[in-house]
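Chains as they are written, first to last, in my numbering: chain P, -15 to 166; chain U, 27 to 138; chain A, 2 to 524; chain Y, 112 to 226; chain S, -12 to 81.
Quick caveat, the hints were computed from the structure, so don't treat them as lab data. Warning: the hint list may mix true and false statements.
[Unchecked claim] Computed list of lysine-lysine pairs in DSS-like fashion (alpha-carbon distance at most 25 Å, straight line):
| no. | chain 1 | residue 1 | chain 2 | residue 2 |
| --- | --- | --- | --- | --- |
| 1 | Y | Lys211 | Y | Lys225 |
| 2 | Y | Lys225 | A | Lys310 |
| 3 | Y | Lys220 | U | Lys108 |
| 4 | U | Lys108 | Y | Lys136 |
| 5 | Y | Lys220 | Y | Lys136 |
| 6 | U | Lys103 | Y | Lys225 |
| 7 | Y | Lys136 | Y | Lys212 |
| 8 | A | Lys396 | A | Lys474 |
| 9 | Y | Lys135 | Y | Lys225 |
| 10 | Y | Lys225 | U | Lys108 |
| 11 | Y | Lys135 | Y | Lys212 |
| 12 | Y | Lys211 | Y | Lys136 |
| 13 | Y | Lys135 | Y | Lys220 |
| 14 | Y | Lys140 | Y | Lys212 |
| 15 | A | Lys310 | Y | Lys136 |
| 16 | Y | Lys135 | Y | Lys211 |
| 17 | Y | Lys211 | Y | Lys140 |
| 18 | U | Lys103 | A | Lys474 |
| 19 | A | Lys310 | U | Lys108 |
| 20 | A | Lys310 | Y | Lys220 |
| 21 | A | Lys118 | A | Lys474 |
| 22 | A | Lys33 | A | Lys118 |
| 23 | Y | Lys212 | Y | Lys225 |
| 24 | A | Lys396 | A | Lys118 |
| 25 | A | Lys60 | A | Lys474 |
| 26 | A | Lys60 | A | Lys118 |
| 27 | A | Lys310 | A | Lys470 |
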Amino acid sequence: MTLGLIGRNAGRLLVPLIFIFGFYIVVHGHITPGGGFQGGAVIATGVALLLVSYYYRDCLERFIPITNFKLVESAGLMLYICTALAGIVVGSGLLFNWLNASGGLFGHPVAYGVNPGDLFTAGTIPILNFAIGIEVFGALSVVTLIMFAGLQEKTQQEEDAEAAESAAPLVSKRKKGKGGRK
Amino acid sequence: MIGDLITGYGFWNPLIWVVVMATGLLFAWLIWRCGESDYDKGTEQTKPYLSGNDEPEKGAVHIRGGNMYWGFTQALKGYYDKLVPLHSGVVNDYLAWFLIGVIVIFVVVIVL
Amino acid sequence: MNMLLDNMPALLIAVPLFFAFLIPIIGKFAPKIHDVWIILASFVSSLTAVITAVTVFTKGTIVYVFGAAAGSPAAPIDSGGIPFRIIFTIDGFCAFMLLSAAIVSFAVVLYLVSSQKERSGKSELYALYLLLTAGIFGMVSTGDLFNFFVFLEINSLAGAALVSYHRKGGIAAEGALKYLIVNTVGGLMVLFGIGLLYAQYNSLNMAFIASQMSFTTVNIVALVLFITALAMKAGSVPFHFATPDAYSVAPSGITAAMIVASQAGLYGLFRIVFTLYGDIFNTVTIGWVVIILGVLSMVIGVTMAIPQKDVKRLLAYHAVSQTGYMLLGVGVALAVLGDPLAMAAFGQTAMEGGLFHIINHAMYKGLLFLAVGAVIYRTGVWSLNKMGGLGHNMKWTMIFFLIGALAIAGIPPFNGFASKLMIYESVFAFNPALSIIAMVVSILTLASFMKVFHSMFMGPQLPEYAEVKEVPKLMIAGMVILTIFVIGFGLVPDLVVNNLITPAADALINNGAYITAVLGGGL
Amino acid sequence: MIANLPFIAVALLIGISLAIILLKKNMIKMVMGLSILEGAVNLFLVALGYRENGIAPIFTSAPEGAEMVLPTVQALTLTNIVIGVATTALMLALVMVIYKKYGTVNSNKIRRLKE
Amino acid sequence: MKETGSIFHPRFMIVLVVLATLILLVPAVGLNFGDPITSSTDQYYIDHSQVETGANNVVASIVFDYRGFDTLGEATVLFIAVLGVAMVFRRLYK
């Protein structure tokens, strides 16, 4: 079950554009409207588009398994919490904005008041934006994928495995799944 | 003293309680020792006497959980007949109870 | 080392989150170290909680500012004395709740690792369990209302997801869905109330709002929403319906942790009623509302428990019933809050009894759920009608269950008696009828546990359970930890009351200290 | 009172969502009602922060000297939206499992846990 | 005991909803739209966020700096949702 030629090609054309647009929203989160959540959600829309234009089992499962998306999500969260913990390491509180006005990465001197904006300002905020962008992208993609997979009918083998699991261990003469409930 | 819990009316000391209980048990044990000593294990004396009938099978004697307090629930039948259906298991009802709570508490707090 | 100690309140949340976020990566690359990882994670996070609590009890209230440079106060001068960052305010009551959560969560982990050995989806289970712990820690230590809401949602979602762990033919998903829907509505109502407060005081900080609190109709609406939604989280009648549904299908270890999770809702209720609204409002009315909720919970909880046939559902109804005791004790204190004479005579004792019951309930109800879970682990049966004679094969489990049952029924010398005694005597001075109801409920509790104990462990050995063995040692270890606290708190209640409960009660009654700790003495 | 039209709209939206979750028996519709409830609370939060003739609180290429609307509530709304997404996802997953096992999404029939 | 489910009549439910909506209409009387009673905290954010965080977007500076801890919690909520969904469907995608 896939879409027709037009659908698939439209998906193929649009997905890179969606990804780039989402990435733009993520990186410019601290100077324009937008940020990690919004950009991550836009990127996840691209994944959803792939999902409807190509079928789950045909495309996504082969190239990017669900567990990899979970790793992506986990990586985003780790980036967030490590940036937060670095605040403790440099001698301040958790989530301290230790990169701001440091002169280095994202530490450019800031122009105050109304200004056109500089990408390399705001210290840890772009990093955290990026982390949240990765996290939201991974999370929404994996939720979409799993729920899509959940729509499918189960095979008999899976049913058996599940029934075997839901029966508690030990005791031979137990009726499966009753558990003494009405 | 360690263990004294002042409750406003007096005090409660579990350590004294434990000591008193232990003494009581000691006395009980002493009294028990004074009993008959010609009670032998493994003879006819230890077998249950059920008016001469055979002893029933083990699983049949056990009083199952569902049968206990049957009398209690039966005596309070009117109460339980009203109470048990309230736990209907429908989510809509749960939220309706929440709204009832909000309204009633709001009225109570506003009026009083 | 000093750096770590200074940042302990932050690590309280950061450590479990850090360990939990790594679990999917571990599940992918090294699934064998799962068990070690979760035990380590839980140990470290419980250790941070205990260290934080001890620091609070020895040095006084901790105020921790997130994201600030080192040494900056919560309410800087240049902001006009407004705390504009998220802060953690950990006073005696918070520390007390932290301690109870830390003990139960560590004991449950030992149990859980052993009891879920054979099952799939462990990576998710462990991560969610850690996040549930983090949610409880966050709820009880935050000083910011919106942050409280966020942790409330973490708590609800992690709880609901954990409830659906065993499938049981869809019945677990049903319990989880009911729990989740009810708690989501509650959470959104809490957020609506937070919005109402924010609209008037333009701040989300509890201490700042408490210092500005005034008597307006909008505040009453917010108070009503807070009371109902948090009572629903705590599982008080008539908002308790989802509680037995969820508890009866959750894995037993998880249920023990969810007891603490629901008590975090109770914490929020007490904190908001006392600290935010304690000065301005007519506390007699609110106190009586809390008392009525408590009495209803006690009576309906225990009477619904008696005819139950499913053992975990029975225990869940007892959890509702015991929540009533806490509400009763604290409600009496709330009703006499404006009367210093009555407060000194019995209000303080009622409050201490109610708070003492929180930690006692966490311990013995956790123990009971673990013991019942051990029986279910070996037999695979929930129904009391099918059990019997298990005392022959599971002696240790029987002993632990007996201790828990005696404690919950208020039999000396276990801890339930000490707190119940304090509640009875102080409530008797307030209103004798309430005290008598509490005693009758206690008797019914004993009767109900007689039934459970008899039908599970007593009687001749049944043929279908001839092969049942004692549970693994790690599960026993989890129960032993809780048993030590049940017996210890029962034998030296005065030490616990003087060192843990009195600071907690003082922290609730004296909300000026809370405000001063955050805003400084200037205001 | 009529100047407070957004707040009235919030109350009415909450009323609509409560009516949905109380009266509809279809679980999917109940989840939709919860989404409306969450949207209503979000609307309330954002409406709290509005100032007359305020602009978005972003300094990039903003008009000089204009008053800005309150930014905190916008941040809170952002957070609450994501929490709402997470809740909805979990609820829908549970409804899917229930539908698989029970064969229905009618809340009157999803009551094996009762009494 | 009837087996039809809900114990409340729909009409009663509608009365409940109407009463609850009336309670929630109280803020519409007590608050002013477009004119916040006080704006001390927010004015502080607007005035100082550029200096303190270097971000032009005040909302971003609140979300990731002043209230960054909330954002961590909210990312955790999303993580929980993913774990929960993965756990519920754990048999289906491996």
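Quick rundown of the hints versus the structure:
no.	hint	in the structure
1	Lys211(Y) x Lys225(Y)	holds (20 Å)
2	Lys225(Y) x Lys310(A)	holds (12 Å)
3	Lys220(Y) x Lys108(U)	holds (21 Å)
4	Lys108(U) x Lys136(Y)	holds (24 Å)
5	Lys220(Y) x Lys136(Y)	holds (9 Å)
6	Lys103(U) x Lys225(Y)	holds (18 Å)
7	Lys136(Y) x Lys212(Y)	holds (18 Å)
8	Lys396(A) x Lys474(A)	holds (13 Å)
9	Lys135(Y) x Lys225(Y)	holds (20 Å)
10	Lys225(Y) x Lys108(U)	holds (14 Å)
11	Lys135(Y) x Lys212(Y)	holds (21 Å)
12	Lys211(Y) x Lys136(Y)	holds (17 Å)
13	Lys135(Y) x Lys220(Y)	holds (13 Å)
14	Lys140(Y) x Lys212(Y)	holds (19 Å)
15	Lys310(A) x Lys136(Y)	violated (29 Å)
16	Lys135(Y) x Lys211(Y)	holds (20 Å)
17	Lys211(Y) x Lys140(Y)	holds (17 Å)
18	Lys103(U) x Lys474(A)	violated (45 Å)
19	Lys310(A) x Lys108(U)	holds (19 Å)
20	Lys310(A) x Lys220(Y)	holds (22 Å)
21	Lys118(A) x Lys474(A)	holds (13 Å)
22	Lys33(A) x Lys118(A)	holds (11 Å)
23	Lys212(Y) x Lys225(Y)	holds (18 Å)
24	Lys396(A) x Lys118(A)	holds (22 Å)
25	Lys60(A) x Lys474(A)	violated (38 Å)
26	Lys60(A) x Lys118(A)	violated (42 Å)
27	Lys310(A) x Lys470(A)	holds (24 Å)
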